[in-house]
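Heads up: the sequence lines are chains A and B, in that order. First residue of the first sequence? That's 1 in this note's numbering, and the numbers climb one at a time after it. First residue of the second sequence? That's 339 in this note's numbering, and the numbers climb one at a time after it.
Among the hints, a few may not be true.
[To be verified] Here are the simulated lysine to any residue pairs, SDA-like style, with alpha carbons at most 20 angstroms apart:
1. 529/B - 928/B
2. 70/A - 687/B
3. 70/A - 928/B
4. 126/A - 192/A
5. 70/A - 691/B
Keep in mind that the hints were calculated from the coordinates and are not lab data.
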Amino acid sequence: MPRLSRRLAPSAGALGSCALAGCTPLNVLAHDGVTGSRETGLGWFLVIVSCAVVCIITILVLAAYVRSRKRRTRDDAVFAGRSGVPWVMWGGVVIPGIVLLVTFIFTIGTLDAVAAPTRSPAATVKVIGHQWWWEVRYEGTGPSHTVVTANEIHVPVGQPVRLELTTSDVIHSFWVPALAGKTDIIPGQTNTTWIEARHTGVFGGTCGEYCGAQHAHMQMRVIADSPGDFQKWLADEAAPAAKPADPTAADGLRVFMTSGCANCHTIRGTGSGGGVGPDLTHIASRTTIAAGALPNTQANLMGWIVAAQAIKPGSDMPSMPLPSRDLQSLAAYLETLR
Amino acid sequence: MATLAPIATAPLERLHDTWEARPGLYGILATVDHKTIGKRYLVTSLIFLVLGGIEALIMRAQLTHANAHLLSPGAYDQLFTMHGITMIFWYASPVLSGFSNYIWPLMLGSRDMAYPRVNALSYWTFLASGIFIYTALCIGQAPNAGWFAYAPMTLRPFDPGLNMDFYALGLIFLTVSTTIGAINFIGTVMKMRAPGMSLNRLPIFVYGTMTASFAAVFSLPALTVATTYLYFERHFHMHFFDAAQGGSPLLWQHLFWMFGHPWVYIIVLPAMGMVSEMVPTFCRRPLVAYPYVAMSTIATGIIGFGVWVHHMFATGLPGVSMSFFSGASIIIAIPSAIAVFAWIATMWLGTPVWKTPMMFVAGFVVLFVIGGVSGVVTAAVPFDWQVTDTYFVVAHIHYVLIGINVFPVVAAFYYWMPKMTGRMMSETLGKWNFWTMFIGFNLGFFPMHISGLLGMPRRVYTYPASAGWGSVNLITTIGSAVFAVGVLLFVINIFVSLRRGAFAGSNPWHAGTLEWAMESPPPPYNFAVIPIIRSRLPLWEDQLGDATPGLISGEGHSHVSEGVVLAEGRETFGTSPLEAHPLHVLHMPEDSMFPFLLAVAMLGTAYGLVFSLWWLAILGGVGMLACLIGWLWPRHLVTGERA
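The shape of chain A in the complex, shown without the other chains (with noise of 0.2 angstroms):
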């Protein structure tokens, strides 16, 4: 056990384990939320009593063997004995059922405490699945300030955060570790859970049921900000794409909506107005592309422009044959996309 817990612990640094690199592992015993450390008390609970309950059978068991080495009689010989049905009562109902009892009552207050925050939400936020990435909507009081953006999630810490969660095709499920437990996205209804940071921080996160092809490259982060920064951010990407200055990046718009991607991303200000892959109005501030499959540099974004089909094969991102002077000028207008 002590080699485990070190293992699992909150503060092991040196797990830096994580999707990638900067935020919290998808470590299940290691929390942040208000929902994700009541799971875990929980988990913490369960896992002991397991131990304990394997640890005390296989002694019994290896206990017998040691004994049969004593007692060794004839091997066709055959005794009845005494009955055995205490060990039964005790061992198989009255001990396991108390143990099962505590178990339950601990899972269902669990479950109340969770269920729902105890103040209301300070943010609605809208996240649609997708085969292989994630939309996330902030729904102000009209569409200027409505806020899409993909694959990252801010919120402000110390607030319950109330999620709505769809699905434009088939079931994902949300899942930031840290932060709370899994909720399916089913295509026909809206699943809605809550989630509250106590610090601020990047926690990672990833789609938890079977989606298809590239579930393996479905990651998501949740970034919990000051309520000031979380504010501030909320405006930024509110704000429609700055009109690019330097001629290369002009040239790289040019090459956004005349080379098809307009057809399938949108990057407001610009005309474009495609609803099949992500919103790209602010990419550059965005820490990963593909879903997480990749940090968001020059160089990736450019890899991932031209070869999306060999990094993701089957995601609906088509690899683009640019000539090499449109992708340098796309992508440095990409950059520009703060």
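Since chain A is already given, all that's left is putting chain B on it; use the hints.
Positioned in the frame of chain A, the structure of chain B alone reads:
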């Protein structure tokens, strides 16, 4: 029938001639002997075990390290789906049917199963459905949406190939086999027990398969409905599961798990029953708390129908229903705990002899408990939200299915192979076999709990190096390879023992149940005389004396070598369901080609439906009808023969 006398030689020869299959191809295809069918089931399901294992090893090679490129995502998806359905449908359940088919009539004191021709049909459809589903893999269109096949990913817009058509039709095909097999077991246990073998004298193995058979009969319709809907939706544009057209993706999940959860018990209860046969034999005493174990078997089968929603805790159902299903999923641990403590108490109060089967059984008890407690962990709703669909659940299902199915099955091979072949399996090789399997299994599958708690989702074909799952996965792959070596040793031991094994004699383990009463391998007619039973352990009565469990005073002792000879054609006793009073002499059917031909016609229909070759489907349908007419044709009314 009142007189009891040792049997003379002349009736023995007559019995032999009556019950033996005809030589040649006709005999091979037409035999309805439960022993032959049982052996075929065992061999076929072991082949599927090896195929499913190879699929697993290829997947493990892909997952050995981060960002591996051995498999494409599409190939990985087909492999994990085929691995799942092969192990669950074409190995785990049929292998138990194989043992039950072979052992039941011997254990129950009967000369065959209740419906021998249905039994033959059950095997041939099982084989044909396996050929059908592996056709899909051979043409690169194997099912690819997981064994659970959640809609809408299985529908045409997301999965346009033939993959899921093979899945839907393959499972409908297999359910025919399983359903009629289960009905045959129920009929057999109700009517075909030796006189005096009342319900309180049934071996626990019989309770296990009987409960599993009832569970199969009641749960399989849900699967048949679901897969039929799936085929209809894919082919005829009906919209059962398509939310955009008013269908419901959750309908699939409810139907699937209403079947799928009882199925877990269908593939473990008979295996637990086999353990309850082996533990007393090797501990040299009757099973502790027999009535409690029998009742807990039945209770598990019943509660198993009330827990399916624990596969759906994350789907957004209301809290009240989740707490109900959480409670049910937690309570089902009690009957299992009863069985575990009955085995442990039997070991503790007996004097265990550590032959290979007993080693596997002892290992099984530990694995069973690990699989059981992780089941309770997943029954706790809020924590299930964290671990469901991670490798924690992969670890759980493998501890349940390998721990509770494969370990007892291997033990049962060591235990009953001598009865089937007349030769013992090697003890030395057996000990090596046990330790490689046990160590390999725990080395491979225990770390999956850890990778799950570290957040590794299941069904991912690759993972990034930064995730930190690399070393755990490397250990898992190494463990799987060691486990595979263990399985290989087991297969080698089977082949070695067939040629060089020591002769077994009738009762090599000095066991107490009825199947050890006749020579090994048993003659075609099983019992020369129909035995009369007065206790649960007829072969131990002399040693146990008054302590014989289930011995009703004043009724005397069991008779296994003298009794009633039924030798006028294929005959055995039909007895009453509860007390097993002899009611009538049953005339059992002769061998017949029709079960085989019917399965071939069904295979033709299935190919016709999957490839949309409607002429072939109709031809197969006509063939099936013709076979049924031939099967049921009342020849005896014309010729005077018995049917």
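Exercise. Which hints from the list above does the structure break, by number from lowest to highest?
Worked result: 3
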